[in-house]
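Participant: Chains W and X supply the protein sequences, listed in that same order.
Note that the first sequence covers residues 1 to 406 in the working numbering.
Note that the second sequence covers residues 1 to 406 in the working numbering.
In short, the hints are calculated from the structure, not lab data.
Among these hints, one or two may not hold up.
The calculated DSBU-like cross-link candidates involving lysine-lysine, where the alpha carbons are at most 35 Å apart (straight line), are [said to hold, decoys possible]: (1) X:K352 with W:K86; (2) W:K352 with X:K86; (3) X:K352 with X:K197; (4) W:K197 with W:K352; (5) X:K86 with W:K86.
All figures in this text were calculated on a predicted structure; none of them were measured in a lab.
Number of protein chains: 2
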Amino acid sequence: MFSPALDVPPVEVVLEDKLADWAVTLERSVLRQMIGVVSRPGILSFAGGLPAPELFPTAGYAQALADVLAEDPRALQYSPPFEPLKQQIVQLMAGRGITCTPEQVFLTTGAQQALDVVARLFLNPGGPVLLEEVVYTGIQQVVASLQPQILQVSTDLETGMDVAGVAAWLAAGYRPGFIYVIPEAHNPLGVSLSLAKRQQLVALARRYQVPILEDDPYGFLHYDGQPLPPLRALDDAWVLYAGSFSKIMAPGLRLGWLVAPAGLVARLTVVKEAGDLESSGLTQRAVAAFLQSGGLPAHLAGLRHAYRERRDVMLQTMAATFPAGVRWTSPAGGMFVWVELPEYVDADEVLKVALAQEQIAFIPGRAFAVPGHNARHCLRLSFSNVAPERIADGIGRLANVLNQFV
Amino acid sequence: MFSPALDVPPVEVVLEDKLADWAVTLERSVLRQMIGVVSRPGILSFAGGLPAPELFPTAGYAQALADVLAEDPRALQYSPPFEPLKQQIVQLMAGRGITCTPEQVFLTTGAQQALDVVARLFLNPGGPVLLEEVVYTGIQQVVASLQPQILQVSTDLETGMDVAGVAAWLAAGYRPGFIYVIPEAHNPLGVSLSLAKRQQLVALARRYQVPILEDDPYGFLHYDGQPLPPLRALDDAWVLYAGSFSKIMAPGLRLGWLVAPAGLVARLTVVKEAGDLESSGLTQRAVAAFLQSGGLPAHLAGLRHAYRERRDVMLQTMAATFPAGVRWTSPAGGMFVWVELPEYVDADEVLKVALAQEQIAFIPGRAFAVPGHNARHCLRLSFSNVAPERIADGIGRLANVLNQFV
């Protein structure tokens, strides 16, 4: 038996000559580190993109799990993608105005895996990808290991992604592996794209034969009437649509899906199998049973009602208390409000004071900035996981902090 | 609203200039395609590496899920790795002779993800990796997308991996991203490495500073006394150990773990987050509750008893009925027997006849061969998911088929 010698070097020494720039990638996970720091007890947190756990359909899902385990002897076995769940997702997608077939539904271990398999399939190492300058950190982590050339386009608090900027890259001859878009209730901005911009985007995708990866975790969480059609409703050939059960049921499920051309599914399967073989068959069956029970529409109505109130309280309190010179978005859905402070203010400094004086947390905007873009004067507030009365109190106290900087 | 034109090209056209050789990768998934084909009703299948579902701890796990959902309001929320589960795994590892701390336990979405994150971290695109010429298809799928140089070593029905071959590659100056080893009850061979070979392997890893990825899904399924110590028990600096709940509880959980140096965990976390953010917090809590209930040792004893009988029936029937000129392994654990036919026999042809005449299925050996290695005269039999009396009957009928070829 060997006894480890004290002078054995650590395994990390061999990482130094590995291509992947993990220093950069580690920096990308700044968001999650921050969330850890600011999730201390006693902190009133507008930080994480967390749904409200008191609104989870816990009892209904527990019943679905119990039923499936009692009745389906294959529930815990290796198994192919569960066909009844695909059919339920087809119906769910119809509610978003998307027409698709079960053969076009590809089940994933959360929407994050949907982004990952698309990136692994469509993005060459070192190749170009098109992102907004401020965008969901998860897509940045996905592409970082491929060390891509990031074709940046700007994004606007009121109108979102600069689609003319997308057209300019494509007209200049660039062919990104894909264009990443969150048309509805953008993370972190909260903005939704106009119908004209949506139509322009899919027209560009078709004209230049560049796939769009449409990320739609918040599409079912809209608070002001009906949302506009997703990109996939406008084009079924060049739009890959990523959906998620995390925000409409619960993140602990780790279940999402892609709607993709049926001709891609065999390739997507190979990539996904390398990552985790398959998504939990038990979870697939239990979610299908929950959806089959018919409880989702009422559950979604309850979510929209609760989140709408939280959003309204946040926006009203901001309008009443935030100092002049501060701008913010007015989300029609989702979980986030994006705040732009005057450029001379550093949101990291604001966070320090907010934590120390008021025990208030948020995420500084730089966590969402692509490399080279400056968002240090911005911050993201999440309203989904704080009760309305605490939102009013916390935003008022955050305004006190902002008054020290602006 | 756009109406899709009929002349829009499919999104697949842009894949033609993508680096990843998906044709090769698709070929790698031949195994799962075969399993689909041979899983038709009425087929007596020795094909898939499936545990026996009638032995799953379904009632105990259902109770654990119900308890967790009733008592833990965070069970369905995003959450960091569940500390009590890490502590349970530390205890589990002690049962394999491995001393580790919770800080060295990294939770993954099945052991497949453990292999994937290690490959993404340690293997450069196009870089070398060391594999046996016949080896688990899942690791081949993992590395395929990185288009590695595969440093092959031979493997033997009685003694397993050619460790002298490993030494030769390293002495010649090659530095693979990692060395992949299944020391206990190899998939597909069923062979286990001697203590001397285990000691030589970890000595090579330390001497040349090359990490070993030890894959141990079957380490708890040994049928002849105590198994030898895993590599991780011999070295804690250069061995990354992958464990799985799929074979000791159930695959539908999709939960596994790495035991790795604590200094690697931050990097592993970044890679894992890109893939699926986190593994299901509900599953983590329910598995921890199941382990906490203390039922695993008795469950494992039952599994060993049942699988031992199935292995014995298979080996005894093979010895009594298979024609001369056929060799096979004698597994001390796991789920598989590897069969070598005379080189002039093509296992694909045997499979066709076995399916047509006897409704018997297995996996041809070529599914497990690394590119360039010929295993067309080999096949893998799995004994874990067939009742003993059906094994005796099915192996006898397979012998009839073999007699037509040998």
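Participant: Each hint: holds or not?
Facilitator: Status of each hint after checking the structure:
1. X:K352 with W:K86: This hinted pair holds, its Cα atoms lying about 32 Å apart.
2. W:K352 with X:K86: With Cα atoms ~32 Å apart, K352 of chain W and K86 of chain X stay inside 35 Å; holds.
3. X:K352 with X:K197: violated (38 Å)
4. W:K197 with W:K352: violated (38 Å)
5. X:K86 with W:K86: It holds: about 34 Å lies between the C-alpha atoms, which stays within 35 Å.
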